[in-house]
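In my numbering, the protein residues as written are 2 to 121.
Simulated from the structure, these hints should not be mistaken for laboratory data.
Everything numeric in this text was worked out from a predicted model, so none of it was measured.
Beta carbons are placed, not taken as given, at the ideal position from N, Cα and C, and that holds for glycine.
A portion of the hints provided could be inaccurate.
Stated by the list, open to error - FRET-style restraints, in silico, Cβ to Cβ: (1) K6 - K27: 32 to 38 angstroms; (2) R110 - K69: 29 to 35 angstroms; (3) N70 - K6: 31 to 37 angstroms; (4) S41 - N21: 26 to 32 angstroms; (5) A77 - I7: 32 to 38 angstroms.
Stated by the list, open to error - The list that follows gives simulated cross-link-like pairs (lysine-lysine, DSSO-like), each with its CA atoms no further than 30 angstroms apart: (6) K78 - K17; (7) K66 - K6; (8) K6 - K62; (9) K6 - K78; (10) K62 - K10; (11) K69 - K6; (12) K27 - K69; (13) K27 - K10; (14) K17 - K6; (15) K26 - K69; (16) K27 - K62; (17) K66 - K10; (18) K78 - K66; (19) K78 - K27; (20) K26 - K66; (21) K69 - K17; (22) K10 - K78; (23) K62 - K17; (24) K78 - K62; (25) K26 - K62; (26) K27 - K66; (27) K27 - K17; (28) K78 - K26; (29) K66 - K17; (30) K26 - K10; (31) K10 - K69.
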Amino acid sequence: MHKKKITEKEIIRIAKECANVLIGKKALDVLVMDLREINSYLNYFIIATGNSHIHCTALAKETVKYFKNIEFSGMAKPRLDTGWIALDYNEIVVHIFTRELRDYYQLERLWGDADFITIE
Numbered sequence: 002m003h004k005k006k007i008t009e010k011e012i013i014r015i016a017k018e019c020a021n022v023l024i025g026k027k028a029l030d031v032l033v034m035d036l037r038e039i040n041s042y043l044n045y046f047i048i049a050t051g052n053s054h055i056h057c058t059a060l061a062k063e064t065v066k067y068f069k070n071i072e073f074s075g076m077a078k079p080r081l082d083t084g085w086i087a088l089d090y091n092e093i094v095v096h097i098f099t100r101e102l103r104d105y106y107q108l109e110r111l112w113g114d115a116d117f118i119t120i121e
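Based on the sequences and whatever the hints tell you, model everything.
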């Protein structure tokens with residue numbers, strides 16, 4: 002859990018910053034999705050693609066480092082050796098895929114009714 006209560010505006014800011022961290026590390030097709038209106042237990046998804054398993058692992062490590070630096074703790078220790086790495090931070094869930102698995106699972110289509118947040 003987080004050390005203090007944070008506002009929805011702060012959560013959105015954090016999601017955008019995380020997306021920019023991923024973009025800065027050469028993640029592809031980064032999206033931030035707002036799921037609050039279509040699902041009662043999910044708030045935000047960040048979806049990104051790495052160009053290899055090694056790249057996905059590096060992206061996940063940078064994401065974990067980002068959340069640790071802002072003292073925003075996750076739910077469980079993730080497996081970093083797969084083509085779909087899910088990092089659960091309660092309000093924000095980060096999904097890092099290889100291209101093949103992102104094309105297969107198509108989360109952005111599955112949750113296609115969600116709003117997409119612009120990343121600056």
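Each hint, compared with the structure:
no., hint, result
1, K6 - K27: 32 to 38 angstroms, "holds (34 angstroms)"
2, R110 - K69: 29 to 35 angstroms, "holds (32 angstroms)"
3, N70 - K6: 31 to 37 angstroms, "violated (19 angstroms)"
4, S41 - N21: 26 to 32 angstroms, "holds (28 angstroms)"
5, A77 - I7: 32 to 38 angstroms, "violated (20 angstroms)"
6, K78 - K17, "holds (22 angstroms)"
7, K66 - K6, "holds (21 angstroms)"
8, K6 - K62, "holds (25 angstroms)"
9, K6 - K78, "holds (23 angstroms)"
10, K62 - K10, "holds (25 angstroms)"
11, K69 - K6, "holds (16 angstroms)"
12, K27 - K69, "holds (20 angstroms)"
13, K27 - K10, "holds (26 angstroms)"
14, K17 - K6, "holds (19 angstroms)"
15, K26 - K69, "holds (17 angstroms)"
16, K27 - K62, "holds (13 angstroms)"
17, K66 - K10, "holds (22 angstroms)"
18, K78 - K66, "holds (13 angstroms)"
19, K78 - K27, "holds (23 angstroms)"
20, K26 - K66, "holds (13 angstroms)"
21, K69 - K17, "holds (16 angstroms)"
22, K10 - K78, "holds (26 angstroms)"
23, K62 - K17, "holds (17 angstroms)"
24, K78 - K62, "holds (11 angstroms)"
25, K26 - K62, "holds (11 angstroms)"
26, K27 - K66, "holds (16 angstroms)"
27, K27 - K17, "holds (15 angstroms)"
28, K78 - K26, "holds (21 angstroms)"
29, K66 - K17, "holds (15 angstroms)"
30, K26 - K10, "holds (25 angstroms)"
31, K10 - K69, "holds (19 angstroms)"
In the structure shown, a violation is registered for the earlier hints numbered 3, 5, in ascending order.
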